Amino acid sequence: MNTSNSILSTAAGRERWLPTLQLAMQEVFELMLGCALTLPSEPPPEDDLEITSMVGLAGQLCGILTVRCSVRSAARMASRMLGVDAEKAGQEMWDAVGEICNMVAGNFKNKISGMGDGCMLSVPTVITGGDYSVHSMVNENLRTVFLFEGEPVILTLEVHS
Amino acid sequence: MDNIRALIVDDSSVMRKIVERSLRQAGLGIAQILEAGNGAEALAAVQNNPVDLILCDINMPVMDGLEFVKQLSAVENAKGVPVVMITTEGSEGHVVQALSAGARGYIRKPFTPDQVKEHVLPVLTGKS
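Sequences listed follow chains A and B, in order.
So in this note's numbering, the last spot in the first sequence is 161, and the numbers never skip.
So in this note's numbering, the last spot in the second sequence is 128, and the numbers never skip.
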């Protein structure tokens, strides 16, 4: 699924990125974790989402893509990626969520025609804990809540320019 | 095709394990797996350990995958060893850059084990 290059520079065009962003996330979970993400019928509680993975984007598109989930979900993601029990995958959960965020960012920009070469990705950063604030010069914020094994996982793309 | 020694280069240990599992599932005759967390570690590894195949990420700290592939040609032990890039950087420009630098294949993340086999098998059998 490619999106027209002409929408890169307009806010109205960027609103059309949401389905592409959702698809990028769903593909990563289907291919790398072997499971389908669903969209909740009503907003789930967002308590205990203490793992935040972030990948920066710079170039034609500047911003931050984040994936937030609970510690329990992060361990289950690592478990699925590695094919081991969640208890044994615990030490790898930060790396796993970081890689998921990295792949979603890459998959997303590769789907936007014309952005692949003009947008660089940072290596992922993973934060543990929920008591923090992020201050950035955000122009737009695309956000989707998915359900992964019944628990919320929040995908956000904050666009700076 | 047997007793293949493969080097997996990625800064993510989770991704190295996934690539290793995909290689083993593909039935490519993998006998030994070496790991490196960046291009510099990979260069040091191949100088002391001959390998038959290298799978390499692009975005890594210290030395990225493109620089590693460029410098690999100067390593006597590694001349002619095929490198397949496995990366989130999937644009045409990145593919051209990687192939120009000396890579023989390119796999975009996310990937399936079948896609790893599809890209690695021709490289190992000399059909790519």
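Note that these hints are calculated values from the structure, not bench results.
Model, not experiment: these values are computed from the prediction.
A few of these clues could be false.
Claimed, not checked - Simulated crosslink set (DSS-like; lysine-lysine; CA at most 30 angstroms straight-line):
| hint | chain 1 | residue 1 | chain 2 | residue 2 |
| --- | --- | --- | --- | --- |
| 1 | B | Lys79 | B | Lys117 |
| 2 | B | Lys117 | A | Lys88 |
| 3 | B | Lys70 | B | Lys117 |
| 4 | A | Lys111 | B | Lys79 |
| 5 | B | Lys117 | A | Lys111 |
As the list claims (entries may be wrong) - With beta-carbon atoms standing in for the labels, derived distance ranges:
| hint | chain 1 | residue 1 | chain 2 | residue 2 | range |
| --- | --- | --- | --- | --- | --- |
| 6 | A | Ile154 | B | Gly80 | 42 to 50 angstroms |
| 7 | B | Thr112 | A | Ser133 | 46 to 54 angstroms |
| 8 | A | Asn139 | B | Arg5 | 27 to 35 angstroms |
Virtual Cβ for every residue (Gly too), placed ideally from N, Cα, C.
Status of the hints after comparison with the structure:
For the hint linking B:Lys79 to B:Lys117, the alpha-carbon distance of about 23 angstroms falls within 30 angstroms, and the restraint holds. A threshold of 30 angstroms between alpha carbons decides the hint, and for B:Lys117 with A:Lys88 the separation of about 28 angstroms falls inside it, so the pair holds. Between the alpha carbons of B:Lys70 and B:Lys117 the distance comes to roughly 24 angstroms, so the proposed pair stays at or under 30 angstroms and holds. Between A:Lys111 and B:Lys79 the alpha-carbon distance is near 35 angstroms, which puts this suggested pair outside the 30 angstroms criterion.
Pair hint B:Lys117 plus A:Lys111 holds up; C-alpha atoms about 24 angstroms apart against a cutoff of 30 angstroms. Look at A:Ile154 against B:Gly80: about 47 angstroms separates their beta carbons, and that is inside 42 to 50 angstroms. A hinted range of 46 to 54 angstroms for the beta carbons of B:Thr112 and A:Ser133 is inconsistent with their spacing of about 39 angstroms. Distance hint check for A:Asn139 and B:Arg5: the Cβ-Cβ separation is about 50 angstroms, which falls outside the suggested range of 27 to 35 angstroms.
Violated hints for the displayed structure, listed by number in ascending order: 4, 7, 8.
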